[in-house]
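Chemist: Could you put together the complete structure from these sequences and hints?
Keeping their order, the protein sequence lines are chains A and B. Okay, so the first sequence: first residue is -11 according to the working numbering, each after it adds one. Okay, so the second sequence: first residue is 12 according to the working numbering, each after it adds one.
Just so you know, these hints were derived from the structure itself, not from any lab. Think of the CB as a built atom: it goes at the ideal place given N, C-alpha and C, for glycine as much as any other residue. Errors might be hidden in some of the hints.
Pairwise CB distance ranges, derived in the manner of DEER restraints [stated by the list, open to error]:
1. B:Lys181 x A:Pro105: 37 to 43 angstroms
2. A:Ser107 x B:Ala134: 16 to 22 angstroms
3. B:Lys165 x A:His67: 17 to 23 angstroms
4. B:Glu60 x A:Gly65: 22 to 28 angstroms
5. A:Glu(-7) x B:Arg54: 45 to 51 angstroms
6. A:Asp96 x B:Glu94: 29 to 35 angstroms
7. A:Glu95 x B:Lys156: 42 to 48 angstroms
8. B:Lys116 x A:Ser107: 19 to 25 angstroms
9. B:Glu33 x A:Lys106: 49 to 55 angstroms
Each computed DSS-like pair below joins lysine-lysine, with the alpha-carbon atoms no more than 25 angstroms apart [to be verified]:
10. B:Lys83 x A:Lys100
11. B:Lys75 x B:Lys165
12. B:Lys41 x A:Lys55
13. A:Lys121 x B:Lys116
14. B:Lys116 x B:Lys75
15. B:Lys20 x B:Lys41
16. B:Lys182 x A:Lys32
17. A:Lys121 x B:Lys63
18. B:Lys63 x A:Lys20
19. A:Lys20 x A:Lys32
20. A:Lys106 x B:Lys156
21. B:Lys41 x A:Lys100
22. B:Lys182 x A:Lys55
23. A:Lys55 x B:Lys83
24. B:Lys116 x A:Lys106
So the chains spell out like this:
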Amino acid sequence: MNNCEFCSIVQGEFDSETIYADDKVIALMHLKPAAPGHVLLFTKEHHSIIEQVPDFVIGHAFVIANKISSAIFESLGVHGTNIIIENGTVAGQMIPHFSMHILPRNEDDGLKLDWQPKSVTDDDSDIAQFQIKEQAESVHPDLFEHEKKEEAHEIKKEQHNPLPRQLRRIP
Amino acid sequence: MTEMSESQKKALMEKLERMSPEELREFQKKQCIFCQIATAKVRSRKIYEDEKVIAVLDINPASKGHVLVIPKEHYSILPQIPEEEIAHLGIIAKRLSHAVLKGLKVQGTSIFIANGTAAGQRAQHFMLHIIPRNNKDGLLAIPQKHVDDAEISKVRERIQNKLNESLGIKKEVVVEKKHEKNVPQKPTQEKVERIEKKPEKKAQKPEKKVRKQPEIKKSEAVSLDDIAGLFK
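Modeler: Structure below.
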C-alpha cells in the first residue's frame, strides 16, 4: 500500500534494524522502544488489523513472535516478555498495518502494562458472554476445518492470478 | 486456599523438592484453577472451546467482555508450548477478536500475552488476553522512549545472534563499534537470509480500497473495514 511506513520498510526503502525476515513476516528493532530490546514484528503483506490477516500468516507470526521472545529471554537475561497487539486506533495502533510488539520485561522496569480489574455486574457479564459467543459461533462455524480450507483457498488464489508478485508491485 | 501452619508449609516444601519434573508438573496441574476451568470442574463463562483451547470471560476484567484464551494443557509460559499449538492460539485469538468487535460493537481490541510475573503474569497457567478497547479507556499504553541508535544496535546484535542460533542460521551479526566520519551508523552485516525455502505465494488478493470513515455509529454493526478505516 502506498504511503505505509511498514510497507516501505518491507520494500527496503528505509534502513531498519531488521532481525528477522522470511516470505511472510519481518521483525526489527523498534526505534522508539518502550525498553531496550523492544521488537516489532509485522506482515509483509499490507493488512490493517488482525482480522484481515489470513490464518496461515497469523499462525506463523505467532510462532516467530515466540521465537523472538525466547531469544530476548536468553540473550538479555530478562525475567519476562510481553507480546502485545494493538488492534485498531482505540487500542493505540498508530500505523494501519498489522504488527506485534515483543517487549523485554523486568520487575522494576517501570512499565505500566497491567490493569486494575473493572467491576462488571453479573448481568452485564452474562450479556457480554452471550454477545461474543453468538458471534464466535456465527463467524466461524467451521473452526476445525480451517486448515483444509486454507489450503483450498491458496490453490484457488494462485490459479486466479498468475502474475508474479513483483510485477504487480510496480505502480 | 486455606492457611497452612508452618510445619505443613515445611512438609510441603520438602515434598516439592523431592519431586521429579513430571511429578511437579502433575502437582501444579492439580493446583491450577485454569486446568480446572479447562476440564469444567470450575464454572466459567465460556465463549469457545475446541480440542486444544478454551476461551472464557475473565472474572477480573480490564474491560467488559475481556476474554481469556487458555490452552487445555498446562503450560506456564509461551516458550513451553509446541509450535502447532502456538499457531492455533494465534488463529483463535484472531477469530475471537473478531467476535468481540462484532458482538460488543467496540472499535478495537488489545491482544496481550505476559510471559513471567515480571511481565504482569498472575497465574501459573499460560493465557492470552483479548481486551475490548474504547476511546480514552487509558489501558495498555506502550510508551515510546528515546534510545540511542548505538544502544539499539548493540541490543539487536545480542538478540539476533541468539535468534539465529535457535533457528539454525549460521551467521554472526557484528555491529561496527567505530563509526567513521560521515558514515551513517549501520550494522555491517546485511539482512538475514531467508530461512524458509518455500516458494513465495504468488497470488495475493489485490488490496481492497478502505473507505474513509471517521466514526462508527454505535447502533450499527461494526465492520472490519470501518475499524481499519479509522486510521487517518
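Chemist: Would you mind marking each hint as holding or not holding in the structure?
Modeler: Results of checking the hints against the structure:
Range check, lysine 181 (chain B) to proline 105 (chain A): Cβ separation about 48 angstroms, and the 37 to 43 angstroms hint is violated. At roughly 20 angstroms, the beta-carbon separation of serine 107 (chain A) and alanine 134 (chain B) lies within the given 16 to 22 angstroms, and the hint holds. Under the hint 17 to 23 angstroms, the C-beta atoms of lysine 165 (chain B) and histidine 67 (chain A), about 20 angstroms apart, fit the expected range. Here the CB-CB span from glutamate 60 (chain B) to glycine 65 (chain A) is close to 38 angstroms, at odds with the stated 22 to 28 angstroms.
The hinted range of 45 to 51 angstroms is satisfied by glutamate -7 (chain A) and arginine 54 (chain B), whose Cβ atoms lie roughly 46 angstroms apart. Between aspartate 96 (chain A) and glutamate 94 (chain B) the beta carbons are some 33 angstroms apart, a value that agrees with the proposed interval 29 to 35 angstroms. Between glutamate 95 (chain A) and lysine 156 (chain B) the beta carbons are some 18 angstroms apart, a value that contradicts the proposed interval 42 to 48 angstroms. Range check, lysine 116 (chain B) to serine 107 (chain A): Cβ separation about 21 angstroms, and the 19 to 25 angstroms hint holds.
Taking 49 to 55 angstroms as the suggested C-beta distance range, the pair glutamate 33 (chain B) and lysine 106 (chain A) does not conform, at roughly 39 angstroms. Between lysine 83 (chain B) and lysine 100 (chain A) the alpha-carbon distance is near 29 angstroms, which puts this suggested pair outside the 25 angstroms criterion. Under the criterion of a C-alpha separation no larger than 25 angstroms, the hint pairing lysine 75 (chain B) with lysine 165 (chain B) is inconsistent with the structure, at around 42 angstroms. Proposed proximity of lysine 41 (chain B) and lysine 55 (chain A) is contradicted: the alpha carbons are some 29 angstroms apart, above 25 angstroms.
Annotation: proposed proximity of lysine 121 (chain A) to lysine 116 (chain B) holds, straight-line Cα distance about 13 angstroms (limit 25 angstroms). Pair hint lysine 116 (chain B) plus lysine 75 (chain B) holds up; C-alpha atoms about 12 angstroms apart against a cutoff of 25 angstroms. With a C-alpha separation of about 17 angstroms, the suggested pairing of lysine 20 (chain B) with lysine 41 (chain B) holds against the 25 angstroms cut-off. Of the supplied pair hints, the one linking lysine 182 (chain B) and lysine 32 (chain A) holds, its CA atoms being roughly 23 angstroms apart against a limit of 25 angstroms.
Taken as a hint, the lysine 121 (chain A) and lysine 63 (chain B) pair is honoured in the structure, with Cα atoms around 18 angstroms apart against an allowance of 25 angstroms. The straight-line distance between the Cα atoms of lysine 63 (chain B) and lysine 20 (chain A) is roughly 37 angstroms, outside the 25 angstroms bound, and the hint therefore fails. The suggested pairing of lysine 20 (chain A) with lysine 32 (chain A) holds, with an alpha-carbon distance near 21 angstroms, which does not exceed 25 angstroms. The hinted pair formed by lysine 106 (chain A) and lysine 156 (chain B) fails the criterion: a straight-line CA distance of about 29 angstroms is larger than 25 angstroms.
At most 25 angstroms may separate the alpha-carbon atoms for a hinted pair to count; lysine 41 (chain B) and lysine 100 (chain A) exceed this at roughly 32 angstroms. In summary, the hint linking lysine 182 (chain B) to lysine 55 (chain A) is supported, as the alpha carbons are separated by about 17 angstroms, within the 25 angstroms threshold. At most 25 angstroms may separate the alpha-carbon atoms for a hinted pair to count; lysine 55 (chain A) and lysine 83 (chain B) meet this at roughly 22 angstroms. Distance hint between lysine 116 (chain B) and lysine 106 (chain A) is fulfilled; the C-alpha atoms sit about 19 angstroms from each other, no more than 25 angstroms.
The structure does not agree with the numbered hints 1, 4, 7, 9, 10, 11, 12, 18, 20 and 21 stated previously, though it agrees with the rest.
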